[in-house]
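Chains as they are written, first to last, in the working numbering: chain A, 1 to 438; chain B, 1001 to 1484; chain C, 2001 to 2274.
It is worth saying that the hints were derived from the structure and are not from the lab.
If you're wondering where the values come from, they're calculated on a predicted model, not measured in any experiment.
Heads up, a few of these hints could be off.
[As the list claims (entries may be wrong)] Here are the computed lysine-lysine pairs in the BS3-like style, where the Cα-Cα straight-line distance is at most 27 angstroms: (1) C:K2153 x B:K1478; (2) A:K163 x A:K178; (3) A:K24 x C:K2121; (4) B:K1034 x B:K1071; (5) B:K1291 x A:K433; (6) C:K2140 x A:K23; (7) B:K1182 x A:K251; (8) C:K2087 x C:K2217; (9) A:K107 x A:K24; (10) A:K24 x C:K2140; (11) A:K333 x B:K1034; (12) B:K1478 x A:K333; (13) C:K2153 x C:K2140; (14) A:K83 x A:K98; (15) B:K1100 x A:K251; (16) C:K2263 x C:K2217; (17) C:K2217 x B:K1478; (18) C:K2255 x C:K2115.
[As the list claims (entries may be wrong)] Derived list of chain A stretches under chain B, where covered just means 3 residues or more per stretch with a C-beta under 8 angstroms from a C-beta of chain B: (19) 14-27; (20) 77-84; (21) 121-129; (22) 189-200; (23) 254-266; (24) 276-286; (25) 298-305.
Even for Gly, the Cβ is constructed at its ideal location relative to N, Cα and C.
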Amino acid sequence: MTDITASSLPVAAPPARRDIGLKKRYAAEARFRMYGIAAITFGLVFLAIMLGTIISKGHTAFWQTTVTLPVTFDPTLIDPQNKRESDPSVLIKANYDKLAQQALISKLGIDAKSKPEVAKLKGFLSDSARIQLRDMLVANPALMGQTVTVPILASANIDSAFKGQVDLTVPEARRKVKDQQITWMNQLAAEGTLAEKFNTGLFTYGASSRPETSGVGVAIVGSLYMMAIVLVLALLVGVAASIYLEEFAAKNRLTDLIEVNINNLAAVPSIVFGLLGLAVFINFLGMPRSAAIVGGITLSLMTLPTIIIATRAALAAVPPSIRQAALGLGASKMQMVFHHVLPLAMPGILTGTIIGLARALGETAPLLLIGMVAFVANYPATPFDPATALPVQIYMWANEAERAFVERMSGAIIILLVFLMAMNLTAIVLRRKFERRW
Amino acid sequence: MSGLTAFLFVLVVGLIAFFAGAARARALDDGKIKAHSRPQYHGAWAMLLAVLPALGFLIVWSFGSGAYLNKQIDERVIAQTSEKSAVSDTLVRSLADGIKRLDAPANTNPPATMSELMPLLAGKGVTLAPDTQDYMIPIALDANSMASRFGWLGGLGALALAVLGALYGIRQVAVRERARHKVERVMLGTLFSASTIAILTTVGIVLSMLFQTIAFFSEVSPWSFFFGTVWDPRFAAAGSGGSQGQFGLIPLLAGTLYIALVALLVAVPVGLMSAVYMAEYASRNVRSIVKPALELLAGIPTIVYGIFALVTLGPWLRDISAVLAGGSPFIQAQSILTAGLVMGVMLIPVVSSLSDDIITAVPQAMRDGSLGLGATRSETIRRVILPAALPGIVGAILLTASRAIGETMIVVLAAGVAANLTANPFEAMTTITVKIVNQLTGDLEFNSPQTLVAFALGITLFFVTLVMNIAALAIVRKYREQYE
Amino acid sequence: MNVMNEQKIEEAVKARMTAGTNEVIKMRGDKVTVHYGEKQALFDVDILIRENQVTALIGPSGCGKSTFLRSLNRMNDTIAGCRVGGKITLDNEDIYDRAIDVVELRARVGMVFQKPNPFPKSIYENVAYGPRIHGLTRSKADLDEVVEKSLQKAALWNEVKDRLHDAGTGLSGGQQQRLCIARAIAVSPEVILMDEPCSALDPIATARVEELIDELKQNYTIVIVTHSMQQAARVSQRTAMFHLGYLVEEGPTEKMFTNPDEKRTQDYITGRFG
């Protein structure tokens, strides 16, 4: 091959080594790398601490202390004058608290005549016992005189104490839970009467002034209404706008104006959309305040740019060969788009939509302005009824002072994050599954 | 007849027209001449002819009749008070809405004085401004009956138009009729209209806020708003009348900028360094784990950050400062520092994903050129890549700053509500967004300066962020072109 | 066409019959292999690079000549999944040895790339970049001198001396490439690697750069990858022909162009494939 004899040639002598400050430069290199690692670590540690505190504060919200008591619907207590036949409202107004208290007294074996003892029972059971027992009896008057085993919620204070969240070293006078109540609580717990149960109420109740009977059920329904509205409006309008801009629009000033607007709207602060909703939909068009329909439309406008940007990217990714094939077979441009391009772009569009929906689901500020921050205890029957949303419910609980509300709030955050996580995972799976390489 | 009912009726007529048109097209197709369009296009065209004019009429009618109604109200109010007042007109309209919600017979024959009417309305959850006057009640009643008449007229008119359109459309069906072209032209129009929603939204934002802001400036001078240093809106309690409070923007603007600055001081170095590390150093494996984790930070709603600041970080910083100072804390639980820090963390993924795009857009040739001269990686990054990416990074920082200025929930929860003017980052300051929320939540009467000021704040916020966004997008685009 | 080609080449070769009398080895490749992941790009390349001579690497595209060039100053290190086998020495030191620092190596073996890639900085800053990072100058006056000398050596000084602080990216393509050469010279390397330095330039700019290369060989050892046969003939003393990852033949340029040992070299030079 090559003339190897050349290897007998002399080899150049290496020149004198130059000092190019290698040691210092490598130290700087290592430092720079450390900054990068430190920056990433900072972000990740913050994320871990944030999620950690929320989970540690909120996981207990999924369990609720319940006292299972045999309650006797004693007619002499409910209707002492025996006139319920003539005046059914007696059943509504009766002193059901007393029933629950009686049941508790007999369970604990306290002397019912000892006033100070009985007084200490106050605040042991949730006030919701009254409504719970009332509704049972009204629904089934035959219960009168019978004894039924009923699971009754413990009060928020007892719930906290049972979960070990109350500092018992604090002097009794400065605690909401008294020593005697703790003793009873332990006694009932030992019998198995008082126990933590899975907190279904968290998912079914609405707003309430009592922590133990407040939940995110109503808020979730409000959020679902809005998500449905966003899905329909933003997806339809967004896809239509994207198709026009990507497939039909001529390159002219109007198109440029539209594009600039879309890009800008994507960066407009969300609260400005709230002002828009308030001024235009509620004030000008006279739509109802606090209603999911207004929230939904407002969030749709906010989500629209996200969906348009994602959809255009998905449409642009469909190769021209497919368009040409469709046109070559005599399809009109409209048919080409709707029969061929759009179906192929669908996974990308859906991914973008889900991500936009997730953003809308977590959005709070605009909803505050259109009055969704109201105290809503009942499920909204239609999108036109007063409703609230999951993040707004969280915000309202954040303004409550009681400890038990912080627990609820953290629980609600966990629920919200689970929703968001599920949506984002769906988006990722969708992208993975349908990702096409042309 | 309400607009919605009329709309539904029109749709039903449209559906009938669709099926009738398609059926007629199928019947006409005898197979001798090739039909231009498939039957469903004929049906669709008939449906469009039925629905579109009717809906257009309905929309024009409802706006027209609404405007007429407003004009009537305005004239009646002027006749009563002999002065023009937009506020009074709005009060009449909300009164009319309120009366509509009452049960019969009060909804057509309500009590004649506000003092009697108020409790009735309150029972229906309607709260009205306290200066709603008795003379407004008959005007509101007349407005309601007129509105109902207009509703019926409009609904019937729309329905008639729909039927006529449907008949015409069905008659038009013919073998060589180019129904598809017509349908497609309408579809194109629809697609185009959808794309103009973006413009409409912007116009809607600007106009809606502009009108309220003008109303606000008719009561408070722009000078005292933009240059006032005291924020004390003093919600007018019932009867307090005269004192209207001070609406100085300066303390809010200062708080907004201060918190945004702290947030950027956290987010920019951390976000930029993470992006640099991810783009230039991290192995594929590290990237595949860390990148989604950082993106997770971006997916967490801001309310969660706000609550973390309020419940955990704020008290923690306060307690630490108490320990450091050996007694009383020097950091307040709600402070510029807490809000800025948490907002900074929220913005890390924003900075890092924008910078990542920008850094990877710097051509490999730049890296090769520098490495080929014997530069280390960090020298290449610091002296070549970052300077080359600088315009793009400036754009990214502008975009991030606009996010920081417009961020609401974190500051609502973590920054405080007191409109202080302070340089101490350990104290609380408030922001424009916090005040927009404060002024517009709770039971509010719409036309007092206390609520209108929120729109003046909103439009200020909108224009500040708009300028930043446009500048940022222009810089980023120019930067991209440089390397394309 | 071919005839003209051959004529031109022959003329060029004759004009540049430089007798390599006291030849000294600067770099040496010994059974060099390069893998990109699974794919092998270079097979057992043995080659000697002589000091103060221009060695041209030629061959059809994808033959491995650029890959080999990049392994001479370890630019391949920046490509993920690239492995270099065998041995490459600079002054008898293995450049892939752990004891050799890659930064120091690249300061000794500089590189000029296919497309001019001036940094988005001023002309002065582009040239000063290397001396600055390596700390080669003591004072501003020193640095000014290095910049001036490098620009002079790169035959660019007269064109830019009045606008040293204008952007380097504002120069014409040929000027940009000479700026990149000045940038490489400013570090005072021993070897300069050039990867098709004229492929993005017009004929006049190409001629300037070729003249420059010829002058530079007095002070530097130059390895140049080129696509153009005429260029190899014009500027180089030694030519190495690569094909499909193998070094086909290496020898004095005049011999390679007049009387190559290998048929493949003959075919390529006469334009039968490429």
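Holds or violated: K1291 of chain B to K433 of chain A, with C-alpha atoms at most 27 angstroms apart: holds (20 angstroms)
Holds or violated: K1034 of chain B to K1071 of chain B, with C-alpha atoms at most 27 angstroms apart: violated (57 angstroms)
Outcome, coverage hint (the region 77-84 of chain A, chain B; C-beta under 8 angstroms; three residues): n = 0 at 8 angstroms, threshold three: violated.
Coverage of the region 254-266 of chain A by chain B (three or more Cβ within 8 angstroms): holds (count 8)
Pair hint K83 of chain A and K98 of chain A, alpha-carbon separation not exceeding 27 angstroms: holds (19 angstroms)
Hint consistency between K1478 of chain B and K333 of chain A [alpha-carbon to alpha-carbon, up to 27 angstroms]: The hint is violated at about 33 angstroms.
Distance restraint between K24 of chain A and K2121 of chain C, which requires alpha-carbon spacing of 27 angstroms or less: Holds, at roughly 25 angstroms.
Satisfaction of hint between K23 of chain A and K2140 of chain C, Cα-Cα up to 27 angstroms: holds (23 angstroms)
Proximity test - 8 angstroms, beta-carbon atoms, the region 298-305 of chain A to chain B, at least three hits: holds (count 3)
Coverage claim, chain B over the region 276-286 of chain A, checked by counting residues with Cβ within 8 angstroms (three needed): holds (count 7)
K2087 of chain C paired with K2217 of chain C [C-alpha distance capped at 27 angstroms]: Within the cut-off at roughly 25 angstroms; holds.
Distance restraint between K107 of chain A and K24 of chain A, which requires alpha-carbon spacing of 27 angstroms or less: Violated, because 79 angstroms separates the two Cα atoms, which is more than 27 angstroms.
Against the hints set out earlier in the document, violations occur for numbers 1, 4, 9, 12, 15, 16, 17, 18, 20, 21 and 22.
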